[in-house]
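Each of the two chains sits in its own frame; use the hints to bring them together as a complex.
Chains as they are written, first to last, in numbering that gives the first Met the number 0: chain A, 0 to 396; chain B, 0 to 255.
None of these hints come from the bench; they were simulated from the model.
Keep in mind it's a predicted model, so treat the numbers as computed, not measured.
Glycine is no exception: its CB is placed at the ideal position from the N, C-alpha and C atoms.
A couple of the hints might just be wrong.
Covered, in the sense of this in silico footprint (three residues per stretch, anywhere, with C-beta under 8 Å from a C-beta of chain A), are these stretches of chain B [unchecked claim]: (1) 53-66; (2) 71-84.
In silico lysine to any residue, SDA-like type, Cα no more than 25 Å apart, as pairs [as the list claims (entries may be wrong)]: (3) B:Lys156 x A:Arg273; (4) A:Lys239 x A:His134; (5) A:Lys197 x A:Asp358; (6) B:Lys105 x A:Glu346; (7) A:Lys155 x A:Ile129; (8) A:Lys299 x A:Pro270; (9) A:Lys155 x A:Ser90; (10) B:Lys105 x A:Ala391; (11) B:Lys105 x A:Ala369; (12) B:Lys156 x A:Asp373; (13) B:Lys156 x A:Leu366; (14) B:Lys105 x A:Ala392; (15) B:Lys105 x B:Ala134; (16) B:Lys156 x A:Val364; (17) B:Lys156 x A:Arg359; (18) A:Lys239 x A:Asp186; (19) B:Lys105 x A:Asp358; (20) B:Lys156 x A:Ala369; (21) A:Lys197 x B:Gly97; (22) B:Lys187 x B:Gly150; (23) B:Lys105 x B:Arg197.
Below, each chain spelled out in residue letters.
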Amino acid sequence: MNSAATIERILGDYEHQGGARSAVAARALLEKGLPAVRDERWRHANLRVLDQIPNFAPHATVQALPAKLPPLAPGFLRLLIRDGRRSTVGSDGDALKATRVAPAAAPLNPSHETHLSVLGDLFANESTVIEVREHLALEVILLGDGGASYPQLDIKLAPGARVELIERQLSSAPSFLCPRIGVTLGDGATLNHYRLQKCERGTVLFETLTAILGAGSRYDVRQVGLGSGTARTSALLQLKGRDAQLRWTALATGSGEQRADTLLRTEHHAPGTRTEELFRGLAAGQSRISFSADAYVDAKAPGSVVRQSLRGLIEERGAEIDLRPRLAIHTDDVQATHGATTGQLDEALLFYLLSRGLDRDSARVLLKRAFLGDALSAIDLPALRAEAELAAAGELK
Amino acid sequence: MNAAIPMLEITDLKVSVAGQQVLRGVNLRVNAGEVHAIMGPNGSGKSTLAHVLAGRPGYEITSGTVLFEGRDLLSLAPEERARAGLFLGFQYPVEIPGVNNAYLLKAALNATRRSRGESEIDAFEFLALVRARMAAMQIDESLLSRGVNEGFSGGEKKRNEILQLLVLEPRLAVLDETDSGLDIDALKLVAQGINSLRSSARSFVLVTHYQRLLAFVVPDYVHVLARGRVLLSGDRSLALELEKRGYDWVQEQAVA
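Next up, chain B with everything else stripped away, as it sits in the complex (with noise of 0.2 Å):
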């Protein structure tokens, strides 16, 4: 990749849901290997900046850009976005019965390796992947062969959303507060997953609402998101800060 091209360079964006605006007008630049997080209070926009990137009907984007690795993102279908190396990470995993957690996998990976003009995965070299994955996530081998996330508790179907970001490997990685909801050993084993996959090709957006995964998780910015927009960006320190502090001084200060 040409080292000036970032991995997600977001101008502008306004989106409305229901003709209600939720985003006005935020811009956001991701270079390769860096981990970003977004952080706000309830109601801010988090979940729909991540739901947009991934393309999820049901938002209107009234203006503004984003762009892939220089691609017109927005102009992407979701798959497409997703073979592209985009992957969103969901804050409630939906339970598909009838849909084979082992089979979803295999083809997600086979989508992807078919638009990249690579050959289908083998079925033993698959197998082999997966289980190291499900190993590092300490995930019952079991859970392959039920429907996706079918019956799984809060925390597996969590551990089984970063298993999919171990095998699929995208290029960048939306984690909408993929924190929630986890016990402190789950947590960890999760940023485990996510700190083994960062390198200089990849890179993170982390959407949370504590600081507590960005304590095994470090990131390189952090931003606040509120009332729609990007009001304060900052290093790590600044999620130490709003641990302490809270929201409120930082809208205050943009109103300011």
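In isolation and in its complexed conformation, chain A is listed as follows (with noise of 0.2 Å):
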């Protein structure tokens, strides 16, 4: 990757468009540069695409709105953020007076895991605000119609309010999408949310999304990969309050050439609180899967839980697969377990299945599906699930 050639080209085109927006975020690329494969949390990361995007500045919408968008889930509204900007196009009326748009969010701290957040800075045109004071289940389409977008989404959950959320990605031509999600749940609240990624092969993906859990707050996420012939998941949640959970469930596919990869960074810094990290991924082709669970516990957080579970699956012999639990542990009352495994079919199962008349591949969909089971059996809308046991079965072919 030339970065000081990227980082050029990335600040010619914010000159280009204005220049004024972040003058800080300017200074923070200038000053620390872009994340590099020699920093441990990017070293999976496919960041020399970022050399083969010609243009970071945000796309404009002109095509009118594709013909088919996902069909919508029973008793949720749609929004439609289209290219970075909220839509009233596409977006039901009740979406829109849910939410707001608001400026741009401030910079991030550039950390390890928010370090390509700093697009965003530059570039994004809005965010759009979800407040809930009660309850709301909404879903959200990031859409990409082709050039960079820097969608911006902040959620922002008051005590004891509840809320479902579908939040899907799509592109309906070769994209990059840099969305920037802000999560705060207040004590008691609610976050159910559910993350399709279906963008199309030619689509560069590069993800932030960060959590702040207040006391007994639950946040639950099933995420699903399955587009995007690069994705990059850059995740920090911070489990604040006392008794906060988390579930971070996810899968993800990767076929040909595709990369995907996670970094998810929990901290729990109050007593009694749990993160539950479950992953399957599996790889086919060329494709490699990485997903890196890193969990910090700090000395304010006794009878904390940490549990991870992260299983990876090839397919061919030049398919790669990286799983990386860890654990950085600094109070003496913690129940933590953590495991990663990565291998092949089992044989002993598809002799099983070939033995009872399945025919070969049958039988290897059929295992492979079974592989993804505990990640796909967690999204708990049943129209939502098949739609993703359908999409993965398509991916397992």
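The following block contains the structure:
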């Protein structure tokens, strides 16, 4: 990766579009540069694709709305964020009323996890704020129509609020998508966050997700990553209130030359906090999938629980999976379990199915679906689970 | 089927595993309607024979032929053997979390039906069939919706194998130590399941260590497999004699 040249191009695109939006971010980019693979937390990210982004300036929507948006789950409102801007076309009126547009969010502290959010700091047009006091069931589509876009969601749940949020990341043409999602959960709030990424193969996705969990709050993420040529999720989740709970269940499939990389950093800062992380990755062709689960429990968080279960299935010789469970614990009173295994399809299981007359291809697909079953079964919205299963099955053939 | 063509005909079968010869020239002929018991000491090659018949990878067949109703069995893939009517009951049935027991049963049955040129089974017909067979095997219906053998006890796994046998109704069933690990009540149930399928058009090869299964499923022939060969064959009385005297005398007699 030619970092200096890419930074020069980024700043050139920034200057070209006015250059006044975030001088702080421009300075941060100049001082800190872009993430590099020598940084352990970016080691598996496909950063070289940044050299190939033709223009970092946000794309201006010109096309008509894609004819086919996915079916809306029953009981949900739809909000469309297209090329980084909240769109009145394609959104439900009530969804527009339940949200508001604000100036782009202030730059994040460029820690290792959120390093690349500097691009959004430079280029984001706006932020869509979702503030909920009681209850909301909302589907947000982050749609890229080609070119670069920097959608921002700022999700704030008041104490005791409950939100069901379906977030879809889609692209109608090869795009550079850099979403930034911020979540703040008040005490006792619950956010069920279903994330489906089905961008087309020419799309490059670098997303940043941060969350702060209040006391007794619960953040439940189910993430399905299927599309994109390159996808990177950088997540920094901080359990700051006593007894806050995080569950992160994710699956990713890769084929061809796909790269899917997740860095999940969870920080326990209060007593009785709990995280459960489950990842299932399936790599075929020459694809590479990686998942780093980096859990930190500080001395102020006794009685915390951390569970990590990471499993990978390599389908072909050229594919690669890298799983890294990591625990840094600074208190004695912690329950922590972690496991990471990567292997190929179990020949004994395959033979059992063949011995019952199933053809080889069907038996393999069945075993792959079974492998992903833990992650798929966590999607407790039947219509969405069926859609995810169908989409995953399409990737498994 | 032509009465002159045996269900299974094994001729001079030699098999190696990881460079070590395990079967050293097995000969066996099983006619339609017959039940054969293969007995023998540990490491004699009984399970190897069962797995080779079902087509499990990892076995090198160095010589010999196996004909299944006159067809070259060894040239068929495992799934083709199953669809042709060969069933292997596993000694250690695997657990497959995430693959629903009912789904597997139905997929297996439909694979067999399609290969026979029959239509796929109707969902209601399938459910009625499976329920009847489960009742016969005293298997709780809740196991249908669980993963294949997932969390089943040893006895439940073996009964599940027989349930599959009863649903698939193969032409030839090779049951590899289906009796091991079963208490007497479960053993009787399993035997009852096997006996319910006995017919003039179906054959069984029972691989077993002990004669206790044979008290309930009376074999037509008993063979002693030791040192990779069938050293002695007889009728049911041979199993009783083996129970009393063990296997050493058979091996000594073969050496003499």
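Structure-based check of all given hints:
1. Restraint check on the region 53-66 of chain B versus chain A: 4 residues with Cβ-Cβ distances below 8 Å, three needed, restraint holds.
2. Look at the region 71-84 of chain B against chain A: 6 of its residues bring a Cβ nearer than 8 Å to a Cβ of that chain, three or more, so the hint holds.
3. Under the criterion of a C-alpha separation no larger than 25 Å, the hint pairing Lys156 of chain B with Arg273 of chain A is inconsistent with the structure, at around 36 Å.
4. With a CA separation close to 22 Å, the supplied pair Lys239 of chain A and His134 of chain A stays within the 25 Å bound.
5. About 29 Å separates the Cα atoms of Lys197 of chain A and Asp358 of chain A, which puts this hinted pair outside 25 Å; it is violated.
6. Taken as a hint, the Lys105 of chain B and Glu346 of chain A pair is honoured in the structure, with Cα atoms around 22 Å apart against an allowance of 25 Å.
7. With a CA separation close to 6 Å, the supplied pair Lys155 of chain A and Ile129 of chain A stays within the 25 Å bound.
8. Between Lys299 of chain A and Pro270 of chain A the alpha-carbon distance is near 6 Å, which keeps this suggested pair within the 25 Å criterion.
9. Between Lys155 of chain A and Ser90 of chain A the alpha-carbon distance is near 20 Å, which keeps this suggested pair within the 25 Å criterion.
10. Taken as a hint, the Lys105 of chain B and Ala391 of chain A pair is honoured in the structure, with Cα atoms around 22 Å apart against an allowance of 25 Å.
11. The suggested pairing of Lys105 of chain B with Ala369 of chain A holds, with an alpha-carbon distance near 17 Å, which does not exceed 25 Å.
12. Straight-line distance between C-alpha atoms of Lys156 of chain B and Asp373 of chain A comes to about 23 Å, which keeps the hinted pair within the 25 Å bound.
13. For the hint pairing Lys156 of chain B with Leu366 of chain A, the CA-to-CA distance comes to about 19 Å; that is within 25 Å, so the pair holds.
14. Between Lys105 of chain B and Ala392 of chain A the alpha-carbon distance is near 19 Å, which keeps this suggested pair within the 25 Å criterion.
15. Restraint check: the Cα-Cα separation between Lys105 of chain B and Ala134 of chain B comes to about 17 Å, which is no more than 25 Å; the hinted pair holds.
16. Straight-line distance between C-alpha atoms of Lys156 of chain B and Val364 of chain A comes to about 24 Å, which keeps the hinted pair within the 25 Å bound.
17. For a cut-off of 25 Å, the pair hint linking Lys156 of chain B to Arg359 of chain A stands: about 23 Å separates their Cα positions.
18. Simply put, Lys239 of chain A and Asp186 of chain A have alpha-carbon atoms about 10 Å apart, close enough for the 25 Å limit, and the pair holds.
19. Among the hinted pairs, Lys105 of chain B with Asp358 of chain A is consistent with the structure: their alpha-carbon atoms are about 14 Å apart, no more than 25 Å.
20. Straight-line distance between C-alpha atoms of Lys156 of chain B and Ala369 of chain A comes to about 19 Å, which keeps the hinted pair within the 25 Å bound.
21. Between Lys197 of chain A and Gly97 of chain B the CA atoms are separated by roughly 24 Å; this keeps the pair inside 25 Å, and the hint holds.
22. Straight-line distance between C-alpha atoms of Lys187 of chain B and Gly150 of chain B comes to about 23 Å, which keeps the hinted pair within the 25 Å bound.
23. Taking the CA atoms of Lys105 of chain B and Arg197 of chain B, the gap is near 23 Å; set against the 25 Å cutoff, the hint holds.
Checked against the numbered hints above, the structure violates hints 3 and 5; every other hint is satisfied.
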